[in-house]
Structures are given as C-alpha cells and as structure tokens.
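Going down the list, the protein sequences come from chains A and B.
The opening residue of the first sequence carries number 1 in UniProt numbering; numbering runs sequentially from there.
The opening residue of the second sequence carries number 1 in UniProt numbering; numbering runs sequentially from there.
Simulated from the structure, these hints should not be mistaken for lab results.
For every residue, glycine included, the Cβ atom is placed at its ideal position computed from N, Cα and C.
Any given hint could be a false lead.
[Unchecked claim] With the Cβ distance kept under 7 Å, some of the chain A side facing chain B (calculated, not the full set):
1) Val81
2) Phe225
3) Tyr273
4) Met276
5) Leu277
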Amino acid sequence: MTTFLELLINGLSIGSVYALIALGFVVIFKATEVVNFAHASLLLTGGFIAATLSDDIGFWPALLVGIGGAAAVGALVEFLVIRRYRGSDHSVLAIVTIGVDILLLTELTRRIGTDVLALGDPWGDRVVTLGSVTVPQTRIAALVAAALIITLFLLAFTYTSWGVAMRAAAEDRETAALMGVRLGRVSLAAWAVAGALAAVAALFLTVFPTPGLAAATSFAAFKAFPAAIIGGLDSTTGALAGGLIVGVTEALVTGYQDDLSFLGRGIGEVAPYLVMLLVLLARPAGLFGTRELSRV
Amino acid sequence: MSDVMRRPRFWLGGAGVLVLLVLPFYVDRFWLQSGLFAMAAAIGAIGLNMLTGATGQLSLGHAFFLAVGAYGYCVLAGTGDDGVTGLGLPTLVAVVGAVLLAGLAGGLLSPIAGRLRGAYLGIATLALIFIGQHVLFNARDLTGGYNGRDVPPLNVFGLRLDDETATLLQVPFQSMEKLWYAGLVLLAVGAFFARGVLHGRPGRAMNAIRDHQIAAGVMGVPVARVRAQAFVVSSMYAGLAGVLLALVFQRTVPEYFGFALSLEYLAMVVIGGLGSVSGAVLGAVFVSLLPQLLDRYSDALPLVSAPGTGGVAPGEASRYLYGAAVVAVVLFLPGGLTRLRAGTARKPS
Numbered sequence: 001m002t003t004f005l006e007l008l009i010n011g012l013s014i015g016s017v018y019a020l021i022a023l024g025f026v027v028i029f030k031a032t033e034v035v036n037f038a039h040a041s042l043l044l045t046g047g048f049i050a051a052t053l054s055d056d057i058g059f060w061p062a063l064l065v066g067i068g069g070a071a072a073v074g075a076l077v078e079f080l081v082i083r084r085y086r087g088s089d090h091s092v093l094a095i096v097t098i099g100v101d102i103l104l105l106t107e108l109t110r111r112i113g114t115d116v117l118a119l120g121d122p123w124g125d126r127v128v129t130l131g132s133v134t135v136p137q138t139r140i141a142a143l144v145a146a147a148l149i150i151t152l153f154l155l156a157f158t159y160t161s162w163g164v165a166m167r168a169a170a171e172d173r174e175t176a177a178l179m180g181v182r183l184g185r186v187s188l189a190a191w192a193v194a195g196a197l198a199a200v201a202a203l204f205l206t207v208f209p210t211p212g213l214a215a216a217t218s219f220a221a222f223k224a225f226p227a228a229i230i231g232g233l234d235s236t237t238g239a240l241a242g243g244l245i246v247g248v249t250e251a252l253v254t255g256y257q258d259d260l261s262f263l264g265r266g267i268g269e270v271a272p273y274l275v276m277l278l279v280l281l282a283r284p285a286g287l288f289g290t291r292e293l294s295r296v
Numbered sequence: 001m002s003d004v005m006r007r008p009r010f011w012l013g014g015a016g017v018l019v020l021l022v023l024p025f026y027v028d029r030f031w032l033q034s035g036l037f038a039m040a041a042a043i044g045a046i047g048l049n050m051l052t053g054a055t056g057q058l059s060l061g062h063a064f065f066l067a068v069g070a071y072g073y074c075v076l077a078g079t080g081d082d083g084v085t086g087l088g089l090p091t092l093v094a095v096v097g098a099v100l101l102a103g104l105a106g107g108l109l110s111p112i113a114g115r116l117r118g119a120y121l122g123i124a125t126l127a128l129i130f131i132g133q134h135v136l137f138n139a140r141d142l143t144g145g146y147n148g149r150d151v152p153p154l155n156v157f158g159l160r161l162d163d164e165t166a167t168l169l170q171v172p173f174q175s176m177e178k179l180w181y182a183g184l185v186l187l188a189v190g191a192f193f194a195r196g197v198l199h200g201r202p203g204r205a206m207n208a209i210r211d212h213q214i215a216a217g218v219m220g221v222p223v224a225r226v227r228a229q230a231f232v233v234s235s236m237y238a239g240l241a242g243v244l245l246a247l248v249f250q251r252t253v254p255e256y257f258g259f260a261l262s263l264e265y266l267a268m269v270v271i272g273g274l275g276s277v278s279g280a281v282l283g284a285v286f287v288s289l290l291p292q293l294l295d296r297y298s299d300a301l302p303l304v305s306a307p308g309t310g311g312v313a314p315g316e317a318s319r320y321l322y323g324a325a326v327v328a329v330v331l332f333l334p335g336g337l338t339r340l341r342a343g344t345a346r347k348p349s
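Put together the whole structure using the sequences plus the hints.
Spelled out as structure tokens, the structure:
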C-alpha cells in the first residue's frame with residue numbers, strides 16, 4: 001500500500017509536469033491549428049538557459065531568464081516561420097515545426113554534449129515523510145507549482161481579454177478577426193505562453209531524482225503528445241487530465257515493472273502510448289476533445 | 001524516329017540510366033554504399049510520399065515499417081544458427097515475405113488510422129515508433145535485442161550477393177557492387193509502380209481525399225478503403241526499403257529505427273516535393289547523401305570539423321542543413337525541389 005501511495009504521488013507530480021507541457025501544446029493548437037513538434041526543443045531551450053545561468057546569477061533569476069528565453073524563442077518561431085506560411089495545409093506546417101525542431105535540438109545537443117547540467121535548485125535531495133510514505137520535496141514542489149500555474153492560466157484564459165481573444169480566435173478565426181481580435185498577436189502570445197510553460201516543465205524534469213539537464217531531457221516532451229491526445233487536442237481541461245493519466249500510468253507501470261516482466265523491460269516508457277491507442281480506439285477525438293462535425 | 005526519341009528528356013534519362021549502370025565499374029565502395037543508402041531511402045520516401053504527400057495522411061511511424069521489413073527479412077531468411085530465430089526460407093521468398101509483413105502491419109493499423117485525422121493520426125503513428133522500439137529491444141529471440149542480428153546475404157537464382165569477390169571485366173565485384181544492381185532494379189520497379197498508382201485512378205482518389213475528404217466521399221471515392229490501401233502500400237514500400245537497408249548494413253540494430261529516422265523520411269518528402277515520385281527520389285538523395293558527403297570532405301570544408309573536436313561535426317552540419325532546408329522549402333518553394341526543374345510546370349498534383 002505504501003509503495004502504491006508513493007507511486008501515485010510521484011505519478012501525479014510528474015503528470016502535472018506533463019500537463020504543463022501538454023497545455024502549451026494545446027494552446028498552440030487552439031490558436032494556430034498547428035501541431036507543434038518543436039515543443040521538445042522549446043523545453044530544452046528553457047532548461048538550458050536556466051541551467052547555464054544558475055551558477056552566475058542564482059537559481060531564481062536564472063529560472064526567470066530561462067522562462068523568458070523559451071517564451072522568446074517560441075514567439076520567434078511563430079514570427080519567423082509559422083506566420084510566413086501562406087498555404088492552408090496544416091499538416092505541412094506540422095512538418096515545418098519538425099524542421100525547426102531539428103535545427104534547435106541539434107544546436108542544443110551540440111552545446112550540451114554529454115554534460116549533465118545541475119540547476120542548483122533550493123530543494124536538493126531532501127524528502128518529506130508522511131507516516132510511512134516518503135516523497136522527495138521536489139515532487140511536492142512540482143505538484144504545487146504546476147497546480148498554481150495551471151489555475152492561474154485557466155483563470156486568465158476565462159477572464160482576461162487576452163483569454164477571451166484567444167478563445168474567440170480558436171472558435172472562429174474569421175469572425176474573431178472581424179470583431180477586432182488581432183490574430184497575429186493571439187498566435188504570437190500562444191507560442192510565447194507555450195514556451196514559458198515548457199520552460200517551467202523543464203525545471204521540474206531536471207530536479208531530483210533526475211541528475212540534471214541532459215540532452216535526453218527533451219524526450220520527456222514526447223510524453224506530452226499522448227497526454228494532449230488522450231485529453232483531446234483542443235481542450236485545456238483535456239491536457240490536464242491527459243497529463244495526469246500519462247504520469248500516473250507511467251509511474252505505476254514502472255513501479256510494478258517486476259510484476260509485469262513478461263511485457264519486457266522498460267514497459268513504463270511505452271505504457272502511455274498504449275493507453276493513448278486504447279483511448280483513440282474508443283474516442284477518436286480524445287476524452288474531452290470536440291468531435292469534428294461536418295455539414296455538407 | 002518516334003516522337004519520344006526527339007525529346008531531350010528521353011536522351012538525358014537514358015544517359016542517366018547508363019551512368020548508373022556502369023558506376024560500379026568505376027567508383028569505390030564508399031560511393032556505392034552511399035548510393036545504395038540513397039536508393040533504399042528513395043524507395044521508402046516514395047512510400048511515405050504516397051501516404052503523406054498524395055493522400056495527406058501525416059505519418060510519423062514510417063521507421064516502424066522499415067524495421068518490420070528489415071527484421072522480417074532477417075527472421076524469414078535467417079538460418080537460425082546464430083542463436084536467434086530464423087526460418088531459413090530462400091532469400092527471395094524472404095524479401096517478398098518481409099514486404100508482405102510490412103503491408104500487413106500497415107493494414108492492422110487501419111482500424112485506428114481510419115478513424116483519425118490530421119494531427120491525431122500523426123501522433124498515433126508516433127506511438128508505433130515507441131512500441132516498435134520496445135519490441136525490438138525486448139523480443140531477443142527474433143531481433144537479437146540491443147546488439148541486433150546479422151543479415152543473411154541475398155541469393156538471386158544461385159548468385160550470392162555477399163562479400164565473396166567475383167571479378168567481372170577485371171573489376172572485383174563485392175557485395176556493394178552486386179547489391180547496386182539489385183537496388184537499381186528494386187527502385188526502378190518501385191518508382192514505376194508508384195507513378196502508375198499516382199497518375200491513375202487511385203492517385204486521383206488519393207489526392208481528392210487529401211484536398212477535401214468529404215467532397216471526395218460525396219463524389220464516390222470509398223474514403224476509408226483508399227486510406228487503408230494507401231497505408232498498406234506505403235508500409236510495403238517502407239518494408240522493401242528496410243530490406244535493402246538491412247542488406248547494405250549487413251547487420252540490423254534497433255537503435256537505427258528510431259524517431260529520428262521517421263523525421264528524416266518526412267524531411268525527404270517535404271524537401272523533394274510532396275506527392276510526386278521524382279520528389280521523393282530527389283529528397284531521398286539530398287537527405288541521405290548530405291551527411292555522407294560532409295563526412296567524407298569534412299577536412300576540406302570550412303566550419304565543419306571532425307567529430308569530437310568541439311566544432312560542428314559533419315553529422316550535425318547535415319542536420320542543420322536539412323532542418324533549414326525543410327523550413328526554407330515550405331516557406332519559399334512550396335512544391336519542393338522538383339518544382340525547380342524547368343519543364344515540370346505541369347498540373348500541380
């Protein structure tokens with residue numbers, strides 16, 4: 001039971017981090033209908049900036065610069081690439097983001113090399129013990145921070161004029177433009193927000209028990225794809241649910257790996273994708289996604 | 001003299017074929033191997049272009065089907081004496097079997113693929129990569145696990161395409177020279193067939209689905225069936241490419257068939273030109289020869305240095321180049337490299 005609780009808390013915590021990534025992914029999809037395969041590199045950008053600066057200017061300023069940097073890179077991608085595309089085929093744009101991803105990731109992995117960069121976070125490897133359950137502080141920090149950020153984001157999405165503009169643009173681009181919503185700004189903001197969210201996620205992916213930021217950190221962004229799909233690509237609630245489902249699945253399957261040894265080693269890495277396929281079989285638009293209705 | 005023979009394209013094409021045919025007599029192993037990689041990539045890219053380019057179904061799982069082809073061939077043709085399962089079938093039968101297996105894998109996916117569209121499909125096929133990698137690393141009986149397994153050499157009607165040296169016109173013929181012709185034949189047949197499909201009735205149906213799925217359905221295109229067929233055919237091309245790659249490498253390792261490989265294939269079809277056979281071939285040649293060339297001439301090139309010296313290694317340089325090429329082509333050259341050629345301003349398909 002203790003193991004189960006520990007795994008569950010760890011899963012929820014890592015799931016909330018996945019939810020942050022997936023949220024950015026969904027925001028970009030809603031605002032521009034682009035599937036952003038460059039998300040992994042945005043995440044690594046934020047983490048890299050924060051990790052390289054933290055020695056010189058301290059952890060918190062470095063984190064802020066990292067978040068700002070990732071947001072700036074996201075905005076730059078939108079401004080230089082996505083906005084310039086004149087066609088109408090969104091799967092071509094998805095492939096363009098793959099090109100961007102190749103460029104950014106190559107540069108970052110070349111700079112990081114085989115190093116593991118420590119972030120110098122204030123939590124270190126301390127643990128919290130509640131009864132018989134032991135959880136690292138970093139996991140609790142991740143859970144709290146992700147919950148705060150997501151709440152803040154959803155409030156902003158519902159009540160600020162920025163959020164209203166964003167939702168209007170997602171609903172009907174043309175009408176929104178006629179009502180005075182500046183679509184360029186909306187999508188620029190979406191990419192910046194997604195970059196910032198990914199940078200925060202990068203922080204919690206590289207703290208204890210992970211040794212630090214390595215080139216492989218970007219693979220975590222691949223967990224956000226099933227998370228976003230399970231929840232439904234155009235649903236912010238879905239991104240939350242999807243992230244938690246993926247995190248808990250991964251933690252539980254990895255934790256009980258020995259009992260599942262007939263499935264082979266490392267099944268925890270694959271389990272989120274299996275869950276995703278199952279969900280897609282039952283609900284092709286994800287759990288909370290809007291089914292695409294077409295009228296002829 | 002017939003009409004065809006008066007056109008310069010006929011003569012240019014003929015000269016090109018002739019050069020390709022005599023190349024093994026003049027160039028060394030490095031070039032032949034690079035060329036074979038490009039041929040295998042071209043076959044795979046043709047398949048992906050039928051699916052993503054012509055039918056508009058984004059697939060990130062192409063590497064999975066390549067793996068099915070490569071390992072399928074090894075399992076079917078292997079003799080089983082190196083500790084991994086091998087059925088010991090004649091190698092030509094194994095090639096056909098591997099291609100059919102890849103097609104079957106594509107067909108099995110269609111219950112899922114058929115229900116999904118656009119981004120959902122792309123990410124669902126991403127799952128194939130991760131599941132495939134998991135199986136490749138864990139099913140040691142079939143795949144040899146992390147270390148991979150040896151690939152039995154192809155045996156065409158008693159002629160073994162292995163490293164045993166045969167001399168033809170005073171040129172030593174080893175595996176690369178012999179495989180070169182096998183590769184040429186496979187690519188030619190594959191390209192010819194794909195051209196027929198894309199220019200004929202199925203091609204129009206595929207393009208209709210890409211442009212407007214509902215309209216295509218209303219006009220009588222059996223949407224679900226055509227999409228499933230495109231998936232199967234594309235996987236079969238991938239399987240064939242996998243077989244050829246395995247034969248060239250002479251050893252298959254699971255790591256090769258990862259996400260990066262799928263991205264390379266997508267880069268090929270975008271750079272070359274979506275939806276056409278020549279585009280796929282052009283893109284494949286570009287993407288697969290680039291790293292080899294940069295690697296070979298890294299001393300002579302500015303900005304590129306040998307791996308491990310801190311500068312930009314050739315592999316990285318080529319990734320920069322094709323990453324940038326993908327972005328640049330989509331933004332500035334919609335239609336890809338094939339649109340650069342004069343005289344191809346025909347109907348945009």
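The hints, checked one at a time:
1. Val81: Holds. Min distance 6 Å.
2. Phe225: 5 Å, holds
3. Tyr273: 4 Å, holds
4. Met276: OK, holds: Met276 of chain A within 7 Å of chain B, min 6 Å.
5. Leu277: 6 Å, holds
Checked against the numbered hints above, the structure breaks none of them.
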